[in-house]
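S.K.: Sequence:
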Amino acid sequence: MRSIRARLFFILLVTTGLMWLSATLWIFFSTRAEVEQVLDARLMEAAKMVSSLVVNQEIDPDKPAQTKAKIPVLEHPHYDRQLSCQIWSLDGTLIGKSESAPETTLSAHATGLSETVINGETWRVYAVENAELGVRVLVGDNLRIRDRLVNDVVKGLLFPALLIIPLLATLIWLSVGRGLAPLRKLAGDLAARDASDLHPIKETATPSEISPVLRALNGLFGRVAGARQREQNFIAFAAHELRTPLAGLKTQAQVALASNDAEIREKALGQIVAGVDRTGRLVRQLLDIASVEASEKARTVAEVNPGEMLVSLRSELLGHAGSAATVVVDPSLCKLQVRTNPDLLRLAARNLMENALHHSPASGMILCWLESDDGTTTIAIDDDGPGIPPEEMPHVTERFFRGRFRAAIGSGLGLSIAELALDHAGAALVLRNKVGGGLSARIVLPKHLIA
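Per full-length UniProt numbering, the sequence shown starts with residue 1, numbered consecutively.
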């Protein structure tokens with residue numbers, strides 16, 4: 001059952017039906033008990049009335065088998081002669097009876113209420129005895145007739161209620177539909193929007209049950225709008241940054257084609273190779289950013305050994321980064337185990353080490369070392385480069401930002417990628433200028449990431 005309206009209608013109808021059934025059973029049994037009490041009281045009153053007639057000698061006990069019309073009975077227009085009456089002498093002689101009374105005694109009990117089976121039918125009988133006159137008066141109800149009376153009373157109470165059930169079901173269906181009207185309005189508003197409309201939905205006069213949905217939708221719209229804006233900025237920046245190296249490649253190719261001088265042609269071809277390297281690195285970094293931004297923060301985690309990872313990156317980058325600097329990895333890093341996403345941590349460390357290699361002199365040294373304090377663990381990658389001017393420090397992690405001491409092969413994306421990857425991995429990037437020159441790029445790992 002996928003329809004909320006049908007589900008609510010079914011639940012309310014079943015619940016109402018169960019309550020209705022419970023009320024019906026209660027009405028049936030309570031009404032039956034009350035009617036039976038009333039009928040028993042009527043038996044007693046009828047018996048006492050006949051007994052008083054005998055006492056007043058309106059019925060002569062010394063003349064047996066008087067006409068049945070002499071004994072009054074309480075009648076009902078729909079239940080003629082419902083009560084049956086007998087007058088017996090104490091020696092067992094039938095003095096008189098009503099028309100509907102059987103020939104045999106209605107009850108063997110001397111006094112009080114009792115039930116007797118006569119000719120296969122059960123009778124409810126009340127007996128009253130007058131010892132002075134020597135008579136016993138019996139007034140009885142045939143339970144078959146009594147049950148019919150009780151059932152008719154109960155039906156009279158329940159039949160109007162049963163007629164209301166279809167009306168009640170209709171009202172429930174219409175009420176549920178009315179209650180779901182805000183959902184239909186919300187669906188209509190969303191359907192009327194185009195793909196570019198990411199403005200939040202107003203929560204004016206919104207039912208409290210729908211408010212969480214609206215807040216979630218507005219939050220989603222905000223995130224999508226932010227992601228779309230970042231994508232637009234990224235595409236604009238990427239197009240601008242790719243235009244320059246591609247134009248340079250075209251210029252150097254034209255120089256190589258137009259020149260007959262072997263030295264000039266060789267130099268132009270070398271510039272083309274360097275330009276291809278720069279463009280390839282830029283494209284790789286653009287893909288890295290797109291990959292990290294498209295991923296969720298809560299990605300698969302595993303235990304990572306930072307020391308082994310940095311040693312592997314050193315072997316990978318020294319042959320391709322175009323630097324003769326020395327990279328030293330502190331052995332204490334090999335004793336550390338970090339629980340995080342290995343791809344994100346490696347991506348951040350690669351860009352930081354690559355950045356250090358590009359800015360370090362040929363005789364420089366890059367030191368990777370470990371520091372622990374205040375519940376955090378820090379992996380530092382220090383270089384001997386020029387560092388970052390203080391006025392540029394707030395901007396160096398912005399995409400495509402290239403400072404005063406830019407590397408020839410740089411694109412302004414390395415530190416942006418490192419910060420973004422560490423943020424998704426649950427860590428942080430801190431940049432500090434070293435005393436005496438150089439930059440210390442630090443990967444700050446919270447306590448919960450340490451295995």
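The reader is advised that the hints may include incorrect statements.
To be verified - Derived SDA-like pairs (lysine to any residue); straight-line CA-CA distance at most 20 Å: (1) Lys155 / Phe28; (2) Lys185 / Ala205; (3) Lys202 / Leu220; (4) Lys335 / Ala324; (5) Lys267 / Val255; (6) Lys335 / Asn305; (7) Lys48 / Lys155; (8) Lys155 / Arg32; (9) Lys447 / Val255; (10) Lys434 / Gly375; (11) Lys434 / Asn305; (12) Lys155 / Val255; (13) Lys202 / Trp173; (14) Lys250 / Ala225; (15) Lys447 / Gly412; (16) Lys185 / Trp173; (17) Lys335 / Thr378; (18) Lys267 / Ala253; (19) Lys447 / Lys267; (20) Lys447 / Gly280; (21) Lys185 / Ile210; (22) Lys185 / Val150; (23) Lys48 / Ile4; (24) Lys335 / Gly280.
Unchecked claim - Label-pair distances were calculated between CB atoms; the ranges are: (25) His395 / Ser332: 50 to 58 Å; (26) Ser3 / Leu157: 32 to 40 Å; (27) Ala225 / Thr204: 18 to 26 Å; (28) Val283 / Gly222: 43 to 51 Å; (29) Trp26 / Glu203: 24 to 32 Å; (30) Pro207 / Ser372: 46 to 54 Å; (31) Ala187 / Leu12: 20 to 28 Å; (32) Asp189 / Glu303: 45 to 53 Å; (33) Ser363 / Gly222: 20 to 28 Å; (34) Glu308 / Ser3: 38 to 46 Å.
Since the hints were derived computationally from the structure, they do not count as laboratory data. In this text, all values refer to a predicted model and were calculated from it rather than measured experimentally. Built from N, CA and C at the ideal position, the CB exists for glycine as well.
S.K.: So, for every hint listed, does it hold in this structure?
M.R.: Hints versus structure:
no., hint, result
1, Lys155 / Phe28, "holds, 9 Å"
2, Lys185 / Ala205, "holds, 12 Å"
3, Lys202 / Leu220, "holds, 14 Å"
4, Lys335 / Ala324, "violated, 28 Å"
5, Lys267 / Val255, "holds, 10 Å"
6, Lys335 / Asn305, "holds, 7 Å"
7, Lys48 / Lys155, "violated, 31 Å"
8, Lys155 / Arg32, "holds, 11 Å"
9, Lys447 / Val255, "violated, 57 Å"
10, Lys434 / Gly375, "violated, 23 Å"
11, Lys434 / Asn305, "violated, 26 Å"
12, Lys155 / Val255, "violated, 108 Å"
13, Lys202 / Trp173, "violated, 28 Å"
14, Lys250 / Ala225, "violated, 37 Å"
15, Lys447 / Gly412, "violated, 31 Å"
16, Lys185 / Trp173, "holds, 18 Å"
17, Lys335 / Thr378, "holds, 14 Å"
18, Lys267 / Ala253, "holds, 11 Å"
19, Lys447 / Lys267, "violated, 53 Å"
20, Lys447 / Gly280, "violated, 37 Å"
21, Lys185 / Ile210, "holds, 11 Å"
22, Lys185 / Val150, "violated, 53 Å"
23, Lys48 / Ile4, "violated, 65 Å"
24, Lys335 / Gly280, "violated, 35 Å"
25, His395 / Ser332: 50 to 58 Å, "violated, 33 Å"
26, Ser3 / Leu157: 32 to 40 Å, "holds, 36 Å"
27, Ala225 / Thr204: 18 to 26 Å, "holds, 21 Å"
28, Val283 / Gly222: 43 to 51 Å, "violated, 31 Å"
29, Trp26 / Glu203: 24 to 32 Å, "violated, 45 Å"
30, Pro207 / Ser372: 46 to 54 Å, "holds, 53 Å"
31, Ala187 / Leu12: 20 to 28 Å, "holds, 22 Å"
32, Asp189 / Glu303: 45 to 53 Å, "holds, 48 Å"
33, Ser363 / Gly222: 20 to 28 Å, "violated, 51 Å"
34, Glu308 / Ser3: 38 to 46 Å, "violated, 57 Å"
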